[in-house]
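**Student:** Once you've looked at the hints, dock chain D against the given chain C.
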Amino acid sequence: MLRRSLGVDSDSAVVWASLDDPEQFGLLFERHHRVVWTYLARLAGPDLADELTGEVFVTAFAQRDRFDPQRGRVRSWLYGIAGNKLRGRLRSEHRARRAFARAAVPTFSADNTTIVDDAAALADEARQVTAAMTLLTQADRQLIMLRAWEQLSYAEMAEVLNTPVGTVRSRLSRARGRLRELLDDNGELSIKELNQETL
Amino acid sequence: MDIDTALNRARPKFPEPTPQVQAQHRAALDDAIRSAQPSGQDTADPRSPALDTGLLTLGPRTGPQITARSRGRRRAVLTAAAVVAAVSGVAGGWLLAGNRTPPGMLETGSSLSPTDDARLPGQAPAETGHEDQPAAPRSCGDQFPVSVDLAAGLTIVDGPLPGRTEGREGQLIKHWVGPGLSGELRWPQDPQEIYAPSEADGDGDAGRLNLGSNTDENRPGEVEIFATTAADGSTVSAESDKATVRLTYPRSASESGAGCGLLQIRFVADDDGEQALLFPTDRATVPATNDDQSIQSRTFYPRLVEPLITDQVTTTEAPTTIAACDAEGVPTTTGPGATPPRTDRTITNGGHHNSPAEALVDFVGRFGPSDPNQLTPSGYLELTNPDGSVSYAQGSGLPDRSYATLVTVSPSSGGWAVTHVLDSGC
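Residue numbers (the working numbering), protein chains in the order written: chain C, 3 to 201; chain D, -17 to 408.
Just chain C, same shape as in the assembly (with noise of 0.2 Å):
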């Protein structure tokens, strides 16, 4: 039976490959697991990252038929249903906020470039933005998070969330305007915007 290739990645002729020779899909797992492991925790903290990574690769394999790699990337199709294993977990904003707040705590240290009181500075610095993002909607915070953590581009984010990337662009310059209403000019969160938080 002879095919052609369209000018598809590697990760996509995986896929590909895979509806003809399942155990090909391992070699995505391979590849993914950690990325996808640890975008998790860092949504929702590593319990939760060990308890959803396998079930995402379990899905993809088998909606691995409707993988298009027009809509995007394996990593972003990836993303995409550890995204949706998460909503359906986390059912809440409550429930996401909690397990945002537990997930994201600092740990920046301090490299041997950085002297001890800009070490404390910055630790500090990134506990209040990390305390600012416990306080958006999950949906805002995965677009944050998506954008300056991930490093997706915003096409790679319109894959993720299934949406047009002009709408991507929008929701990501309003839900970081949130991000920055949030802190004031040293970067101090409001203790009385978070204290009516009930985390």
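Just so you know, these hints were derived from the structure itself, not from any lab.
C-beta atoms are modelled at their ideal positions from N, C-alpha and C, and glycine is treated no differently.
Please note: incorrect hints may appear among the correct ones.
Straight-line Cα separation of at most 25 Å, SDA-like style, residue types lysine to any residue; simulated pairs [said to hold, decoys possible]:
#1 K(-5)/D / P166/C
#2 K(-5)/D / D52/C
#3 K(-5)/D / E53/C
#4 K(-5)/D / E57/C
#5 K(-5)/D / P48/C
#6 K(-5)/D / I15/D
#7 K(-5)/D / R33/C
#8 K(-5)/D / D126/C
#9 K(-5)/D / L184/C
#10 K(-5)/D / Q65/C
#11 K(-5)/D / I146/C
#12 K(-5)/D / L50/C
#13 K(-5)/D / V37/C
#14 K(-5)/D / L92/C
#15 K(-5)/D / S155/C
#16 K(-5)/D / R36/C
#17 K(-5)/D / W151/C
#18 K(-5)/D / R77/C
So, partial list: chain C residues that the calculated Cβ filter (under 7 Å) puts toward chain D [as the list claims (entries may be wrong)]:
#19 A43
#20 D52
#21 F63
#22 W151
#23 N164
#24 R182
**Tutor:** This is chain D only, laid out in the frame that chain C set:
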């Protein structure tokens, strides 16, 4: 505080998953792989309900039907609800796992020809569930310029969705009602609303429902529309066939009259709000090439249906700061690598209008889609300034109270007129 730098510093760092966890996950995947049949017929796929056996098809005015795709074994896609019911379990649906062309690949010899319309032998052309066309002349045509394929069990009928406006004279309107998610098509589109201040997130009544679209170089002239819920995913999602609609453009470009260039599609979820998109009716807009550049450029994007003005505020100082574009074409503050605004010009023929909004409507409408000066046609923030002028802004939320676009409307003895435009071009 530079928020990007701060976010980068706050990025949590985690160790790798433990070997035990990796092994567990791999074992789960291996179990699924072992239980799978070759050619994508997975016994492990939980999303393959037995009754989802096909698509209903509304035929386009011109061009052949493309109702089935193959991957090794061709399977029939049925075009009538009765037939679907009769052969349930025999014929596979286009949207079901296992029945699609493999991603990014095409079998040599596969062709999108009329013979791909896989009616059962002897089966007459299908009744497609739509009622007789009314006698009243339609502005753009008696049938949509594209074929509309829904998942099995959904039937498209004439008229607006219950609870929605009747539409204007000459407008072709059809809808379908599904479990949890319904949809409606209108051609030409509804007149744009001018004012509809939205909720805080700027999405109006979109709720958690979001629409996305997908084109495939293997299926030129086809667009899939997916409905998803952004925040929860509990009601409908892209994983549900019921949340997917396929548009098939005729092989020849449609010849539409003025105002007929866009088809409006609205999805309404029972609990998660609604969203509408405008799709071009010209087949030439749908990518038909398979080169990487086309795939990357994502040339086909629908337009979100939203009012011209979605929020209003009163300012203490007229905004004057325009954003610049960063290297990726994203509005940002001016800085290294940022480009200057594309447009900074005083307008002398801004018209004489009864209101600032009318002046904006007139001005935005002056530029066609291919005009480099085209402005975003919706979603403006209206800022009423202390000096009596009104600014219409795109891109609120950018640093330093800057905007991606600023259109200033000022009063004069002759009425309201656009007097200045600042546009970042990004």
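**Student:** For the pair we were handed, K(-5)/D and Q65/C, check the Cα-Cα distance against 25 Å.
**Tutor:** violated, 30 Å
**Student:** Check whether the Cα positions of K(-5)/D and L92/C lie no farther apart than 25 Å.
**Tutor:** At roughly 22 Å apart (the allowed maximum being 25 Å), L92/C and K(-5)/D satisfy the hint.
**Student:** Closer than 7 Å between Cβ atoms is the bar; does R182/C clear it against chain D? Give me holds or violated.
**Tutor:** Constraint on R182/C satisfied, holds at 6 Å.
**Student:** CA of K(-5)/D to CA of E57/C, is that 25 Å or under?
**Tutor:** holds, 23 Å
**Student:** Given the proposed pairing of K(-5)/D with V37/C, does the C-alpha separation stay at or below 25 Å?
**Tutor:** holds, 12 Å
**Student:** Do the alpha carbons of K(-5)/D and L50/C lie within 25 Å of each other, as the hint requires?
**Tutor:** This hinted pair holds, its Cα atoms lying about 16 Å apart.
**Student:** So if I understand the rule, the pair passes when the alpha-carbon distance is 25 Å or less; does K(-5)/D with I15/D pass?
**Tutor:** Roughly 32 Å between the alpha carbons, so the hint for K(-5)/D and I15/D is violated.
**Student:** Does N164/C pass the interface check with chain D, least Cβ-Cβ distance below 7 Å?
**Tutor:** At 4 Å from the nearest chain D Cβ, N164/C passes the 7 Å test, so the hint holds.
**Student:** Taking 25 Å as the top limit, are the C-alpha atoms of K(-5)/D and P48/C close enough?
**Tutor:** With Cα atoms ~11 Å apart, K(-5)/D and P48/C stay inside 25 Å; holds.
**Student:** Has the given pair, K(-5)/D with S155/C, been kept, meaning a C-alpha gap of at most 25 Å?
**Tutor:** Roughly 21 Å separates the two Cα atoms, so the pair holds.
**Student:** Report holds or violated for the interface hint on W151/C, using the least CB-CB distance to chain D and a cut-off of 7 Å.
**Tutor:** Because about 5 Å separates W151/C from the closest Cβ in chain D, which is inside the 7 Å limit, the hint holds.
**Student:** K(-5)/D and R33/C were given as a pair; does the straight-line alpha-carbon distance stay at or below 25 Å?
**Tutor:** holds, 19 Å
In summary, the numbered hints that this structure violates are 1, 6 and 10.
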